[in-house]
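Counting from 807, one number per residue, gives the positions in the sequence shown under our numbering.
Calculated from the structure, these hints are not laboratory results. Careful: at least some of the hints might be erroneous.
The calculated label-pair distances, taken between Cβ atoms and stated as ranges, are [what the hints assert, rightly or not]:
id, residue 1, residue 2, range
1, Val934, Lys984, 52 to 58 Å
2, Phe929, Asp986, 46 to 52 Å
3, Val895, Phe1012, 31 to 37 Å
4, Trp877, Gly969, 30 to 36 Å
5, Arg955, Pro987, 21 to 27 Å
6, Gly1018, Asn959, 39 to 45 Å
7, Asp876, Thr828, 43 to 49 Å
8, Leu885, Phe929, 18 to 24 Å
9, Asn959, Asp876, 42 to 48 Å
10, Cys1031, Leu873, 41 to 47 Å
These figures come from a predicted structure and were not determined experimentally. Ideal Cβ positions, reconstructed from N, Cα and C, are used throughout, including at glycine.
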Amino acid sequence: MLIKDINVMHKNKSKIHMPNTTSESIHLGILLALVGGLLDAYTFIGRGGVFANAQTGNIVLVGIAALKRDWMETLIQALPIFAFIVGVVVSETLNRTSSISRIKNSERAILILEIVLLFIIGFIPNNVGNMLVNVTISFVASLQTSTFRKLVNSPYATTMCTGNLRSASQAAYIAFTKKDPESAIISLRYFIVIFAFLLGAFLGGFLTLSVGAKAVWGAVVILICSLILLNTDDC
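Generate the whole structure from the sequences, applying the supplied hints.
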């Protein structure tokens, strides 16, 4: 009931057109944040101690490798960054395409592509091809964060938390200092997504320690639920 209330509130003041309310809903935001947290824990615990979702660390590592004139290591650390950029390009291309085969919109196309890639990754054993896995997950994270960018009518990310935490704190401050209930609702939405990311990280860690490489299929299950949620919106 709480989630339903915070999705409904804020609409009266909003002037932003929402062509697909499900793609911007708190329900989908929770599911995708679960995926984001799970993938980060999966790559850190089972795929070489890296965070594949966000590229800040990789950019730093590229700079350090370049400083040492280790050009091979520079290239290796740059690959996830390139994959992330490619993911943005693919997402923007799909968003501009009106129809892809029998898929009704770009959001469904992105979720299906994520599901296929992550399902394949589950067959690659730990410590075998970790670079390929991390590059692929960087690509997947880029697709997701570039496609699902709005939580009701506020910008957010489902594969990283820094921006969400800043926005949540800012909205909470406005709500407290100005007694603004609208900002309180916005802050609550952000904190729910952040908590979902944390829960996803816990789940990803637990599954990776329990079943190894196949833990990524937990993200596949959640993405399938997300796809069903989008399809239900058309019924």
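Results for each hint:
1. Checking the proposed 52 to 58 Å range against Val934 and Lys984 shows it holds: the Cβ atoms sit about 55 Å from each other.
2. About 50 Å separates the C-beta atoms of Phe929 and Asp986, a value consistent with the hinted range of 46 to 52 Å.
3. Separated by about 34 Å at the C-beta atoms, Val895 and Phe1012 satisfy the suggested range of 31 to 37 Å.
4. As the Cβ distance of Trp877 to Gly969 is approximately 32 Å, the hint placing it in 30 to 36 Å holds.
5. Under the hint 21 to 27 Å, the C-beta atoms of Arg955 and Pro987, about 25 Å apart, fit the expected range.
6. A beta carbon spacing of about 41 Å between Gly1018 and Asn959 agrees with the range 39 to 45 Å that was offered as a hint.
7. A beta carbon spacing of about 47 Å between Asp876 and Thr828 agrees with the range 43 to 49 Å that was offered as a hint.
8. The hint said 18 to 24 Å for the Cβ distance between Leu885 and Phe929, and at roughly 21 Å that hint holds.
9. Range check, Asn959 to Asp876: Cβ separation about 46 Å, and the 42 to 48 Å hint holds.
10. About 44 Å separates the C-beta atoms of Cys1031 and Leu873, a value consistent with the hinted range of 41 to 47 Å.
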